[in-house]
Structures are given as structure tokens and as C-alpha cells.
Amino acid sequence: MLSMSRKDVLTLLIFTAVVLTMPIWLAPFGAAYPNLLQKFMIYAIFAIGFNILFGLTGYLSFGHAAFLGVGSYAAVWSFKLFTMDGLLAIVFSVITAGVFALVIGYISLRRSGIYFSILTLAFAEMSYKLAYSVLTPITNGETGLQLSLRDPRLIDRMFGPAGDGLPSTRFLGLDMGGYTGFYVCAAIMLICFFLAMRIAGSPFGMMLKGIKSNQTRMNYTGFNTRPYALAAFVISGMYAGLAGGLLAVADPLAGAERMQWTASGEVVLMTILGGVGTLLGPVIGAWILKYFENIFSAFNQGILDHNFAFLPDAVREPVVWVFGQFVGEGWHLTLGLVFMAVVIFLPGGLMEGVRRINGVLRRGGGGGAARAKTHMQPAE
Amino acid sequence: MEAILLQFLNGLDKGGAYALIALGLTLVFGTLGVVNFAHGALFMLGAFCAVTLRNLLLLEQVTVDPDQLTPWGTPLEIKTPYVIAWFGEFGNVLVDYSVPISLVLAIPVMLFVGISMERGLIKHFYKRPHAEQILVTFGLAIVLQEIIKAVFGANPIPQPMPAALGGAADIGAVIGLHAGVVVYPWWRLAYFLFSLIVLGGVFAFLRFTTFGMVVRAGMADRETVGLLGIDIDRRFTIMFGIAAVVAGLAGVMYTPLLPPSFHLGMDFLVLSFVVVVVGGMGSLPGAVLAGFLLGLVQSFASMNEVKSIFPGIDQIIIYLVAVVVLLTLPRGLLGRRGVMES
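Chains A and B, in that order, give the protein sequences.
For the record, in the first sequence the residue sitting at position 350 is 349 according to numbering that gives the first Met the number 0, with numbers rising by one throughout.
For the record, in the second sequence the residue sitting at position 111 is 110 according to numbering that gives the first Met the number 0, with numbers rising by one throughout.
FYI, nobody ran anything at the bench for these hints, they're computed from the structure.
The structure displayed is predicted, hence computed values, not measured ones.
Misleading hints may appear alongside valid ones.
Claimed, not checked - Pairs of lysine to aspartate or glutamate residues, derived as EDC-like cross-links and limited to a Cα-Cα distance of at most 20 Å, are as follows:
1) Lys208(A) <-> Glu131(B)
2) Lys208(A) <-> Asp7(A)
3) Lys148(B) <-> Glu328(A)
Isolated chain A (complex conformation) (with noise of 0.2 Å):
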């Protein structure tokens, strides 16, 4: 397929298999339900758009979450002007997304280092705190920006007239309730982790990680290292603007909140969690914070009195306890604990977890340790 090489192809092939089969074996977990795996699929474009700037450059961004937020608005007004089709909503999401990373990234790449985390940081806040005050016209402020009944519709409206109530969303014709929806995300999905791929393993994709091993030999070198910045940069920004174009697909509603830099934070905590510069590795962290903030999150006292109801009762009411601050309202205290145990013990992510453990494994099975080693990433 198109020069991959053939563990790429494998990886893509069980990478596919393993997403579109998720309804099944997430179900154990209680996490098998549309909504939750189509946050799943979003969220993983979101981290692997970042993966290819904070992953094959080194530069990390602070504010990313404001490309996504700005994918959301575009995607909700296209619904409210044109049509309620996600299909056009996503490319204006995308296109917008992309000139907001021109210009953001056209200025904050002149710096590098925590100068870069700052400059993002700083627009990011900007347009958070101008979506909230100034432009409320176009974010409709603290509400969020939502469809209503007087909107004009123009595409929808040559085909026919406006029923009763809201609309819902459609992709291609295909209602985006249920597991359309996730199917579609996931489609979606894979198209961009393919796309990614390609990218890591294209003369450009060599080109950014030069950038991050040793940007002033890539200028010796002769090269101009900014614009392939840039372009990385703009990339992962229409990556963000995707996301968020496909949130308000699932559902039609924008937020200003989407863009705090919390929310920035978070894919930050994804890529890294997962394993920075690889390609499963942030669509991994994704999926757990994820499935941390709505699975384990739910988690109450009710949930723990059953599973511990093996203990006698003097026992499980402390232990019950313990588990109650990790758990449910206190599931951030978890996340951090693990972050920062992933962050000391493995710089890698869990991806090199897993690599670490091929290697016993194959050092076990006689040889192959060296093989396994060429795999790993570039140090800093």
C-alpha cells in the first residue's frame, strides 16, 4: 500500500480491526456506549493532531485547545447558515482551524522553548477570554452558541422546508445518532491516523524530527527550518479544528470553555500519558483520559459498597473510603497520581511501558533486543 513498509501496514490493519470492533470489547469495561466511543474517536484526532507538532518538533504548544474550540464554532455556524450536514461543517472547521494556526503559529514559532508554550498559551487565552466578552455576536458568550429555530438553513431550505423543532445532525445523509455516529468518527479517525502516518514517515515528517533533535544543525544545513514548523504547526491546528468540527457534529453546541487552557492541559496530559512522538501512544492516552473522566468518574458509593461486598463490614468501610477519594468527584487526584507516575518512571508514556516489556520479553525469547531498540525514539 502505497510504499508503507510492512510492520506499518500490520499496525494499521490491527490498529483498524481494534477500533471498529470497540462496541465489543470495551463492553466488559462499561464503556462500550456511542456517545462515550465517539468522544473516543474525536479526542484521539485531537491528540494525534498534537502529536504531530509536540511529537516530531519538540514544540510545545499551551493553547491547542483553542483550534479546537474555533473548529467547534465554524462547525455549528455552517450548520446554522448552510446546512445540517456534518460533511460541510467539518471542512469549514477544518479551513478556519487552519488559517487561525497560520496566523497564531506564523508568530509564536519567531520563539522556541517555554517562549513558544507562552506565546500559544497567551493567544489561546485570548481567544478565550474574547469569546466569553467582546465577540459574544458570533460565540453567544457564556450560553454557548447553539441552533434555533430561526436559523437560515440555506442548503437545507432548497430542499425542502423547515419541519418542526431542532434538526439533528446528518454526515452524507447518514443520521449521526447511535453507532453511526461513532462509526463515522472512526472512519474519520483512521483516515487521520493513516494520514499521520504518512507524515512521520515522509522526507517532511524527517524533516520535523530534525527540528527537534537539533534545530540549529537543520539550519546549518542549510535549511529554513521555520516554514516546515509552520507547516507542522498549521497541520495539527486543521487536526484540533477536525475535532472539534466532529464534537459539534455529535453535538450541536460550541462553548467558550472549550478553549481554556485547561483544556489545552488535557491534550497535553493525553500525548504524553499515551507516549510522545509515537503513533498509537496519544490515540492510548485519549482513550484512557476519556474513559477516566466519564467511566471512573461515576464511579460511586453505591458501585464500591457492591464490588467490596466480600469484606466484612468493619473492613470495607474504610477500604471503601480510601477507594471513594480516588474515585467518582476525586477521579482528577487519580489522573494526576498516574500522570505523574507515567511522567517520573516512564518519560516515555505507556507506549514505551510496552516496548520495555517486548524488550524482557524478547531478551527472554533469545535475541531481538537489539532490533527492538532501533525502534526507539530519538532522545532529545
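The hints should help you fit chain B onto chain A, whose structure is shown.
For chain B alone, kept in the frame of chain A given last:
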């Protein structure tokens, strides 16, 4: 004129808070070379020292008065805080001044928190890339704020200021303007003076003590100082503790101005990083200068006259200033050459 003076005063206390947090951040960065994203959490912990002390002071004893009956016919239970029961009038004073008294509690607590944080975690991250330092301290900040949330709940807990400082000072009358035009709350004035004292104290400590001299030498060239037989690591650890104390004290005194809640630290973190970067990474005077500057700029931007020309400017001015400074002065206002440059 009066309006400008008022906004100037308004900017001072906020600037004081920014300067204190940024000073601590810069101390940590300048000595240990660590970018500490948990610094906002230290500010928040300081604020919750004040909350804890007040809760302790308000622990109540219940006495039953058999002569008086409640409307339900049961004997009336009278609740009085222990301190008031024990010390009478003096107890009332203690409760009233709980916030300033918390400073005394906050110093050892924050010193302990800071030093154990440095020894337990930060120590292992000296040699790691800045990105990993940011991430691990970010994780720590989440953990700290969640612990506070589990203990104190998610709602902001208002802390009253001492009654004597509750009113407002008529500054305008003092300098000869009409009375009642430039009115400024006493507590904000106190905060500003307090921040000046702490800032002065830290600078004097670094400038005029042997310990401070060694630390400054270590900031300039850590290796050489180490070669001279000085245990520089231990001093830097203590500096981390001092930075934590500064952040904590800033947090304690800020509680009457903003009821502390668990995400207070995160709210201030972003701004204080902007302050540090605008001031120049690693420059202590830069951090202080940028702190007050941004406080003042923000205050002036929220004047109605300015807002009518540039709507929404008060929301974004700090970030706008940060962007402009970073693009025109790559090292910030007073940054040194070669610090955090690639």
C-alpha cells in the same frame, strides 16, 4: 486625574500578588533551573493555611443552658468557640485577626511543604528536560489541588479581613483632593505594603547575608561554588523552601480579597508564568517589575474610558503585553543572556 490615581492604586495590590508569585517562581528557576508548574498550588496551599487556622479558631464547644428553652421545648444549646470561652475578649481578637495570624502558621508549613517537595520530587528532575519538569509539576499541582478539594470541598470559602482594616482609606483627602473621590480599601493597601515588605526582605536576604551571597554565586555558576567545598544543593533546597513560603504568604494575605477555592492556584499559575516570562526568565528584579507593571496595565485597561475605545481590552491586555514583549524583547524586560534560550 482622580480616576487615574484610583486605577493606579487598584493595580498595586494585584501587582503585589503577581510580583510575589513570580518572584518565587524565578527563585526556583534561577537556583535549581526547574520550571515549577506547581507554584500556583503553593499559593493556594498558603491560602488554605488561613482557612485551616480560622476553622481551628472557630471550633466550638457546646454548653447546654437548662433555663432557656428552644421553641421545640428542648434545652437551648449555646455554641461558643473554644478560644472565646477560654480567653474571652482576647479570643475575639484572635478570631478577628485570623488572617494575619495565619502568616505565622504558614511559614513553617510552607517551608516544610517546599523542602519536602524539593527533596521528594524536584531533586530527581534537575537533569531532565524542561518539558518533563513542567509536566511532573503540573501533575503535582493537580494532585495538590484535588487533595484540597477532598478536604475543604469545592466551594470558595470567604475569609473576613480584620474589622479594623475592613473599611476604606480616603487617600484623596490625604493628598489634598476632594474627600470621597479616591477611596481605597485598607486591606488592599495593607496587601501592597505587605508585598513590599516581603519583596524587600527576600532581596535583602539575598544581598546582605552570607547565605544569600553563596546562593547568588551558585545562581551564577553552580559548579564552581560546588568545587569550593560549599554544599550548594542544600542551600538551593532551602531557597526552594523560601520560594514556597513567599508564595504561601502571598496566598494567606490574598484570602480576604478573593475567597480561596481549590483551583485558585491554577488561576494564578498562568498569569504568574506570563509575568515571569515578561520579566525575563531568571531575573528577580524583572519578575517584580513585570508583576507590578502587569498589575497596573490590567487595572488601567479596565477603566471605562479605555474599554469604550477597545472593547474587551481588559480581558486580554496581559496576554497582549506578553506577546508584544516576547516578540520585541526575546529575553523579556530584564532577562539575562543565555538563560532559557535555544
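What are the numbers of the hints that this structure violates, sorted from low to high? none
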